[in-house]
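Model the placement of chain V on the given structure of chain B, informed by the hints.
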Amino acid sequence: MQAIDRKLLRDFKRLWIQAIAIALVLACGVAILLTSVGMYTALSETRAAYYERNRFADVFVHTTRAPLSLVPEIAQIDGVLSVEARIAGDAILDLPDRIKPAVGRILSYPEDTAPVLNVPLLVEGRFPNPVHTDEVVVNAPFAAENGFRPGDSFSANLKGQKRELTIVGTALSPEFVYTIGPGALMPDNSSFGIIWMSERAAAAAFDMTGAFNEISVAIASGMSPEPVIDALDDLLKPFGGLGAYDRTTHQSDAFLDAEISQLRGMAAILPPIFFGISGFLVSMVMGRIIALERSEIGLLKAIGYSNTEICLHYLMLAGLIAIVGVLLGWGAGTVLARSTAAQYAQFFNFPFVIFRVSYWVYAAAGLAGLATTSLGAAQSALKAARLAPAIAMQPPAPPRFKRSFVDEAMAHLKLSQPTIMILRSLLRWPIRSAMTSLGLALAVSSVIASIFINDALDEIVDLAFYQTNRQDAMLLFSDDIPETALEDVRNLPGVLQAESQQYHTAILHHGHLSKRVAIEARPPDTDLSRVLDADGKPLIVPPGGIVLSVRLARQLDVESGDVLEAEFLSGRRETYALSVTGLVEQHLGLGAYMDLEFMNTLFRQIPQLSVANVTLDDHQMDALHRAIKDLPKLSGIIEMNDNRRAFQDTVEQNVVVMNTMYIVIAVLITVGVTYNAARIQLSERARELASLRILGFGRGEVSYILVGEMMLIAVIAQPVGWLIGAWIAQAMTNAFTSDLYAIPLVLKPATFTVGSLVVLCAAFASAMVVRRRLDRLDLIAVMKTRE
Amino acid sequence: MSEIIFRTQGITKVYDTGEVKVYALAGVDLELYKGELTVLLGPSGSGKSTLLNILGGLDHATDGQVWFEDTELTDMSDRDLTRYRRDHVGFVFQFYNLVPSLTARENVQLVTDVAPNPMPAAEALDLVGLGKRMDHFPSEMSGGEQQRVAIARAIAKRPQILLCDEPTGALDSTTGVQVLEVLRDINERFGTTTVVITHNAEIQRMAHRVLFFQDGKISETRVNRDRLAPSEIVW
Numbered sequence: 001m002q003a004i005d006r007k008l009l010r011d012f013k014r015l016w017i018q019a020i021a022i023a024l025v026l027a028c029g030v031a032i033l034l035t036s037v038g039m040y041t042a043l044s045e046t047r048a049a050y051y052e053r054n055r056f057a058d059v060f061v062h063t064t065r066a067p068l069s070l071v072p073e074i075a076q077i078d079g080v081l082s083v084e085a086r087i088a089g090d091a092i093l094d095l096p097d098r099i100k101p102a103v104g105r106i107l108s109y110p111e112d113t114a115p116v117l118n119v120p121l122l123v124e125g126r127f128p129n130p131v132h133t134d135e136v137v138v139n140a141p142f143a144a145e146n147g148f149r150p151g152d153s154f155s156a157n158l159k160g161q162k163r164e165l166t167i168v169g170t171a172l173s174p175e176f177v178y179t180i181g182p183g184a185l186m187p188d189n190s191s192f193g194i195i196w197m198s199e200r201a202a203a204a205a206f207d208m209t210g211a212f213n214e215i216s217v218a219i220a221s222g223m224s225p226e227p228v229i230d231a232l233d234d235l236l237k238p239f240g241g242l243g244a245y246d247r248t249t250h251q252s253d254a255f256l257d258a259e260i261s262q263l264r265g266m267a268a269i270l271p272p273i274f275f276g277i278s279g280f281l282v283s284m285v286m287g288r289i290i291a292l293e294r295s296e297i298g299l300l301k302a303i304g305y306s307n308t309e310i311c312l313h314y315l316m317l318a319g320l321i322a323i324v325g326v327l328l329g330w331g332a333g334t335v336l337a338r339s340t341a342a343q344y345a346q347f348f349n350f351p352f353v354i355f356r357v358s359y360w361v362y363a364a365a366g367l368a369g370l371a372t373t374s375l376g377a378a379q380s381a382l383k384a385a386r387l388a389p390a391i392a393m394q395p396p397a398p399p400r401f402k403r404s405f406v407d408e409a410m411a412h413l414k415l416s417q418p419t420i421m422i423l424r425s426l427l428r429w430p431i432r433s434a435m436t437s438l439g440l441a442l443a444v445s446s447v448i449a450s451i452f453i454n455d456a457l458d459e460i461v462d463l464a465f466y467q468t469n470r471q472d473a474m475l476l477f478s479d480d481i482p483e484t485a486l487e488d489v490r491n492l493p494g495v496l497q498a499e500s501q502q503y504h505t506a507i508l509h510h511g512h513l514s515k516r517v518a519i520e521a522r523p524p525d526t527d528l529s530r531v532l533d534a535d536g537k538p539l540i541v542p543p544g545g546i547v548l549s550v551r552l553a554r555q556l557d558v559e560s561g562d563v564l565e566a567e568f569l570s571g572r573r574e575t576y577a578l579s580v581t582g583l584v585e586q587h588l589g590l591g592a593y594m595d596l597e598f599m600n601t602l603f604r605q606i607p608q609l610s611v612a613n614v615t616l617d618d619h620q621m622d623a624l625h626r627a628i629k630d631l632p633k634l635s636g637i638i639e640m641n642d643n644r645r646a647f648q649d650t651v652e653q654n655v656v657v658m659n660t661m662y663i664v665i666a667v668l669i670t671v672g673v674t675y676n677a678a679r680i681q682l683s684e685r686a687r688e689l690a691s692l693r694i695l696g697f698g699r700g701e702v703s704y705i706l707v708g709e710m711m712l713i714a715v716i717a718q719p720v721g722w723l724i725g726a727w728i729a730q731a732m733t734n735a736f737t738s739d740l741y742a743i744p745l746v747l748k749p750a751t752f753t754v755g756s757l758v759v760l761c762a763a764f765a766s767a768m769v770v771r772r773r774l775d776r777l778d779l780i781a782v783m784k785t786r787e
Numbered sequence: 001m002s003e004i005i006f007r008t009q010g011i012t013k014v015y016d017t018g019e020v021k022v023y024a025l026a027g028v029d030l031e032l033y034k035g036e037l038t039v040l041l042g043p044s045g046s047g048k049s050t051l052l053n054i055l056g057g058l059d060h061a062t063d064g065q066v067w068f069e070d071t072e073l074t075d076m077s078d079r080d081l082t083r084y085r086r087d088h089v090g091f092v093f094q095f096y097n098l099v100p101s102l103t104a105r106e107n108v109q110l111v112t113d114v115a116p117n118p119m120p121a122a123e124a125l126d127l128v129g130l131g132k133r134m135d136h137f138p139s140e141m142s143g144g145e146q147q148r149v150a151i152a153r154a155i156a157k158r159p160q161i162l163l164c165d166e167p168t169g170a171l172d173s174t175t176g177v178q179v180l181e182v183l184r185d186i187n188e189r190f191g192t193t194t195v196v197i198t199h200n201a202e203i204q205r206m207a208h209r210v211l212f213f214q215d216g217k218i219s220e221t222r223v224n225r226d227r228l229a230p231s232e233i234v235w
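Quick mapping for you: the protein sequence lines, in order, are chains B and V. Note that the working numbering numbers the first sequence so that position 110 is 110, with each residue one more than the last. Note that the working numbering numbers the second sequence so that position 96 is 96, with each residue one more than the last.
So here's chain B without its partners, still in its complex pose (with noise of 0.2 Å):
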């Protein structure tokens, strides 16, 4: 080894910690892009395979109920490869040792022939054999969660019809690889149930004897689903069609596209500000060491060294901490995309997960980092190269300082000395001052962005639980009935108040634009499902009118007076001008509503509902239970608690790893940038430093030169902090906005203030690190040697 190389190690080793908090800085980004990349890719391709394997359809159709004799009409629209009609219909399900009743999606299966599309993956058993109507295959997770093995039974509601069913198997879908329940927010697997029965076991149970409900379709691969979902339109339309659509709709897949946009989001912008501001600090301790080394670099150059040599040199220094940041990188994104793919293949019900970072991915991380790290000490190296060597065997001349303005300012406000010194210091290298304070504005940040999603998420459970559905559960009713029903149902044991409500899958039109919804209509009165004006006052809609949710108002183009016309997908299908009276804020759905009354005169029917929303005597839950496992018609039961506890249990777990992430994200960038400025400092001070021991100055004084520096730079970060903070929290709340939710942007002062304190403290015991080596100075070793 050459001695040149040997100085490199022992200069490395010399500056471990310093090394170590700029690598963890680097590890920071290399793991987070290596986990985002790898579950981005992880995510698609385990999707892509299952899709493909299972054959997952293209377009999706639900109608009242159509002739089989259409199928083979269907399969000859242009473009369609391949098609599947089944029967579909929600059940209440009565589990043994549960006491609330559960709810069943039942599935027909084919009898002579394996499915088509969508097809199921057996993972336990067999699928029913078509003789014993009796038999049927349940949701793996379903079955998991309320401990179902094959030959296991259980009763469902069909139609008012009590049947036993009995369990032969457990299968997955690519239908449901996100599978929730109707009304339901979040996946809840023991309270609901994908459940496959033999086709004429089904089609007894809903009357759809040589009928059939849903449609799903395979289409040319590169084809538009456009012109195939127009034509099916037109085709189902007398038979109930309720509008086909594409995977983009589909409920499973449109969550799944929603995460793997999300991780393609974090891909592209944390890493490159973990990239940034490693090569930020190799750059600020480059240019200290070059410094430092000014006699000895000028020596290499006396000895016989090329520039080249020096710069390669020092380049090296750099490297050699990438590398320690790409190495921990590696390992901690691997371990982290390791954990991460369990959570996933947990939260969607994958059968496998493909899990392969490949090794372009470590390789572009490494070199990222290396690159990053190269170019914060290539101006370094470069100034060391081009040092005359007979001017740099020469002490530099001192920083040179002018008075200003600031001066005249400092003398008026009679300031000592040591905070004289802190204020010039900060003013002599401003670029320097501004990038320290910019790399812990940005620690701050990433404790805001990450911790205002609590109060988000308490703005939306209290808005959609507390204010606007303030009912206790909704019942669910498989086909709309008399509104006299609600009689019957405030009969019910335990039914307080109930309320009737109506659902209708519309589309609007507005211009050029579009958008399917269901819109909810409820009577004018209602006291338990409301709609709230900014102000949080009840928004009554008028007859001939329509109030929208702001993003569904957004997407179609329309403000409060204009005019659009709902195509109605139910009912007698007509098409009617409304006239939007009102947008609320809503944060989850595209919300649209309308008068039930109204509802009911526009579709010339009797008072009907389609659900009923009821408040509950916490007392008689039991017999509740009990008494709507048996009731015809109701195919579900959303109980507001469960709900909410549901949303708040899986968003919380998540928020919870997703908060420690960024705080300890935000603690090693203030480490990492703070201990580095601090001991830059403090070699740049200590001759400083050390005069003002010897004139008298105690540790504590002395120290307040060196910390109170550092700890200014940390409270002039903390405003520019908040702003990026709020900026990067916008940015979220616009990022994570699609037709399933939306997060507002709620910034309270305690936000700020956590994000502050963390960085501040982090700061602080950085610098305090950083002070235990001025007080261990040697004065007299300090002012014998030359600067």
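Calculated from the structure, these hints are not laboratory results. None of these values were measured; they are calculated from a predicted model. A hint or two may mislead.
To be verified - Here are the simulated BS3-like cross-link-like pairs (lysine-lysine), alpha carbons at most 27 Å apart as the crow flies: (1) Lys414/B / Lys132/V; (2) Lys414/B / Lys402/B; (3) Lys159/B / Lys237/B; (4) Lys13/B / Lys100/B; (5) Lys237/B / Lys633/B; (6) Lys402/B / Lys132/V.
Chain V alone, transformed into the frame defined by chain B:
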């Protein structure tokens, strides 16, 4: 000049490197008198600076005792030594050690802000002939001027002792003489006990007393009956 301000008894300073022990001071007995200007002469490594550091409260002796007036410095805590330096000692170093981010006046104020009975910073700078350069930063001054600011900073607290380690070491002879003039002026005007370490044998001629160091001990003490003015010294 009979009142004793410093007294040392058998002080030693040993640097233990693990394998070898280096005796920087090997038993020094010494008395310094109030108002006296003493020059310490000797080759590098003879123990001059070590002694100065111990007298100034920057370092502890390994063995022996040191008194400043009636106070024993030998086992003082770090905090007490800081207080001692703050109240009684002025230092001047070869490389000035000014704070580059403070002007001349502010550098002096560093001391006047914390000392119990300081003179105004402007007065201290006037004394060293820099009354008109008070608002200049170190980078805007020559070496001699910077050293004079360092002296002004040292004397502004009205110290009883002024310890100077190679104060002219980094200066040319003309500038060096100016600095020596200032030191002598301070010594005479305020009666500040002044100890000057130097390699320059010529400077001994301005001292009241000269102590020669050799191998960690005082090898010779010489009293100058006829002192020269700094302006008469040439090197």
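For each hint, the structure was consulted:
1. Only pairs whose Cα atoms come within 27 Å are accepted, and Lys414/B paired with Lys132/V is accepted, the gap being roughly 21 Å.
2. For the hint pairing Lys414/B with Lys402/B, the CA-to-CA distance comes to about 19 Å; that is within 27 Å, so the pair holds.
3. A C-alpha spacing of about 25 Å is found between Lys159/B and Lys237/B, which places the hinted pair at or below 27 Å, so the restraint holds.
4. A C-alpha spacing of about 65 Å is found between Lys13/B and Lys100/B, which places the hinted pair above 27 Å, so the restraint is violated.
5. A distance of roughly 25 Å separates the Cα atoms of Lys237/B and Lys633/B; the hinted pair therefore holds under the 27 Å criterion.
6. The straight-line distance between the Cα atoms of Lys402/B and Lys132/V is roughly 17 Å, inside the 27 Å bound, and the hint therefore holds.
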